[in-house]
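Note that the protein sequences, when read in sequence, are chains P, G, U and Z.
Just remember that the numbering used here sits 3 ahead of the position in the first sequence, which is counted from 1.
Just remember that the numbering used here sits 3 ahead of the position in the second sequence, which is counted from 1.
Just remember that the numbering used here sits 3 ahead of the position in the third sequence, which is counted from 1.
Just remember that the numbering used here sits 3 ahead of the position in the fourth sequence, which is counted from 1.
The hints are simulated quantities; they were obtained by calculation from the structure and are not laboratory data.
Be aware that one or more of the hints could be misleading.
Stated by the list, open to error - Result set (DMTMM-like, lysine to aspartate or glutamate): computed pairs, CA atoms no more than 20 Å apart in a straight line:
id, chain 1, residue 1, chain 2, residue 2
1, G, 103, P, 63
2, P, 103, G, 61
3, G, 69, G, 99
4, P, 51, Z, 72
5, Z, 51, P, 72
6, P, 105, G, 61
7, G, 105, P, 63
8, U, 103, Z, 61
9, U, 103, Z, 63
10, Z, 82, U, 63
11, U, 105, Z, 63
12, Z, 105, U, 61
13, G, 82, P, 63
14, P, 69, Z, 43
15, Z, 103, U, 61
16, U, 69, Z, 112
17, G, 105, P, 61
18, U, 51, G, 72
19, P, 105, G, 63
This structure is a prediction, so every number in the text was calculated from the model and none was measured.
Number of protein chains: 4
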Amino acid sequence: MKTYLYHHSVPFQDTDMAGVVHYTRILGYAELAEHAFLLELGILPISKSGGLPKVHVECDYLRPLKFADDIAIELSLIKFSPRSIHWGFQLTANDEISAKGKLITAHVDVNGNPSEMPTQWQSLLGE
Amino acid sequence: MKTYLYHHSVPFQDTDMAGVVHYTRILGYAELAEHAFLLELGILPISKSGGLPKVHVECDYLRPLKFADDIAIELSLIKFSPRSIHWGFQLTANDEISAKGKLITAHVDVNGNPSEMPTQWQSLLGE
Amino acid sequence: MKTYLYHHSVPFQDTDMAGVVHYTRILGYAELAEHAFLLELGILPISKSGGLPKVHVECDYLRPLKFADDIAIELSLIKFSPRSIHWGFQLTANDEISAKGKLITAHVDVNGNPSEMPTQWQSLLGE
Amino acid sequence: MKTYLYHHSVPFQDTDMAGVVHYTRILGYAELAEHAFLLELGILPISKSGGLPKVHVECDYLRPLKFADDIAIELSLIKFSPRSIHWGFQLTANDEISAKGKLITAHVDVNGNPSEMPTQWQSLLGE
Chain P
4 MKTYLYHHSV PFQDTDMAGV VHYTRILGYA ELAEHAFLLE LGILPISKSG
54 GLPKVHVECD YLRPLKFADD IAIELSLIKF SPRSIHWGFQ LTANDEISAK
104 GKLITAHVDV NGNPSEMPTQ WQSLLGE
Chain G
4 MKTYLYHHSV PFQDTDMAGV VHYTRILGYA ELAEHAFLLE LGILPISKSG
54 GLPKVHVECD YLRPLKFADD IAIELSLIKF SPRSIHWGFQ LTANDEISAK
104 GKLITAHVDV NGNPSEMPTQ WQSLLGE
Chain U
4 MKTYLYHHSV PFQDTDMAGV VHYTRILGYA ELAEHAFLLE LGILPISKSG
54 GLPKVHVECD YLRPLKFADD IAIELSLIKF SPRSIHWGFQ LTANDEISAK
104 GKLITAHVDV NGNPSEMPTQ WQSLLGE
Chain Z
4 MKTYLYHHSV PFQDTDMAGV VHYTRILGYA ELAEHAFLLE LGILPISKSG
54 GLPKVHVECD YLRPLKFADD IAIELSLIKF SPRSIHWGFQ LTANDEISAK
104 GKLITAHVDV NGNPSEMPTQ WQSLLGE
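Chain P extracted, bound-state conformation:
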């Protein structure tokens, strides 16, 4: 299984009045890793040939994240088809798992209609 590690330091502006990172921001961190991984593979997450919107997300929040925490975001390519990619993600900070979940993205053309991803992507993801 293809995996990728992305590091991120929590900015103040991602915290909320409870003193921890807001749950929506944590889901956004998964996308930071997803896009960094895709770009490293040579895949543009959005371009004139279409995009990869999320069609499903889920996340369990195990421990709060705080300002200036160094997070390791581990992304795993669970499976892919010509029309979708399934990712797993796990966030670790201070030697403890903070959150874990899944993202499913579908491939769409520039009009937002479901479409097959370029054949080249499939080999890039499968290598």
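Given chain P, put chains G, U and Z in place with the hints provided.
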């Protein structure tokens, strides 16, 4: 089952370069409805006696939301215990379901440790 | 001088760990009022004929805003030319001025190049 | 004049439907640099002894920023007193200045009241 309807108009600043509302913002809309519902019941989502952080979220994205769309967010209280609340949510815009999912919140004290919610909340939620 | 009043209730997700609304969000509130005003005048802030990006913003923060505060955002059309619009804004909550500032937007075509706004807009703004 | 250089890559989630980074996010980038600089100097931007909320911001937006742009954020300490710090910032991407502006932060105690910053900070800033 207790339900609540919350209306929201999509602001420009919630869209991304794909021209649609970012998936993290859609999950944030669920919280807008959750908090409005709690406040209407007389429950403060955060106070000196603690808070209600999300411990699990999941969402299926069915149709994109766009700038200025009027969204109806239907929130349903699925179940609650002294330590957690399970919500279902469904977003409708332009007469079509755009997204649906679940939120689970746990009750924590001011130090972020799991704790039972005030007894009064349980009757407010159960009425 | 044309003025417009927009009401907004502060969501939890706009607060930061200092317990108050983050300064970037407050500037975003000014845009909520700007866009609501434009839409009411019949002007689309973004369309196939172009958009109105901010070219200058400034803001003085006088008093913090908190979760669930009801804010009155007063927007004033200071001046406009075929190529730009100058807005003043002032946010009031709990009977005190919380923030005030300015936005300047330029009109650009779909390629992002400076261009004159439709003649019709100038009469809509000037009426 | 003390200066600091901070690098940031534009995430997809900071773009809006105009295809460029939203103006509020660009102001947030200035804070990323501000906090990184303060932490490097050994100054906590928020702690039990207080914080450094923005009391004034201003920004000129010269050229749009796009997804995956590498931004150099140059932060300059313009001046400071026991009660406030004035910063200048300039963002450069693709060899062109994209935005420049100012931040003024005031020192407040944990109750949000204006207060003098620790004497040690003044020497850390002045060194």
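Quick rundown of the hints versus the structure:
1. G:103 - P:63: OK: residue 103 of chain G and residue 63 of chain P at ~17 Å, within 20 Å.
2. P:103 - G:61: With Cα atoms ~12 Å apart, residue 103 of chain P and residue 61 of chain G stay inside 20 Å; holds.
3. G:69 - G:99: Distance ~13 Å between residue 69 of chain G and residue 99 of chain G Cα, so the pair holds.
4. P:51 - Z:72: 17 Å, holds
5. Z:51 - P:72: 17 Å, holds
6. P:105 - G:61: 9 Å, holds
7. G:105 - P:63: OK: residue 105 of chain G and residue 63 of chain P at ~12 Å, within 20 Å.
8. U:103 - Z:61: 12 Å, holds
9. U:103 - Z:63: Roughly 17 Å between the alpha carbons, so the hint for residue 103 of chain U and residue 63 of chain Z holds.
10. Z:82 - U:63: Judged against 20 Å, a Cα distance of about 18 Å means the pair holds.
11. U:105 - Z:63: 12 Å, holds
12. Z:105 - U:61: At roughly 9 Å apart (the allowed maximum being 20 Å), residue 61 of chain U and residue 105 of chain Z satisfy the hint.
13. G:82 - P:63: Roughly 18 Å separates the two Cα atoms, so the pair holds.
14. P:69 - Z:43: 18 Å, holds
15. Z:103 - U:61: 12 Å, holds
16. U:69 - Z:112: 17 Å, holds
17. G:105 - P:61: 9 Å, holds
18. U:51 - G:72: Within the cut-off at roughly 17 Å; holds.
19. P:105 - G:63: 12 Å, holds
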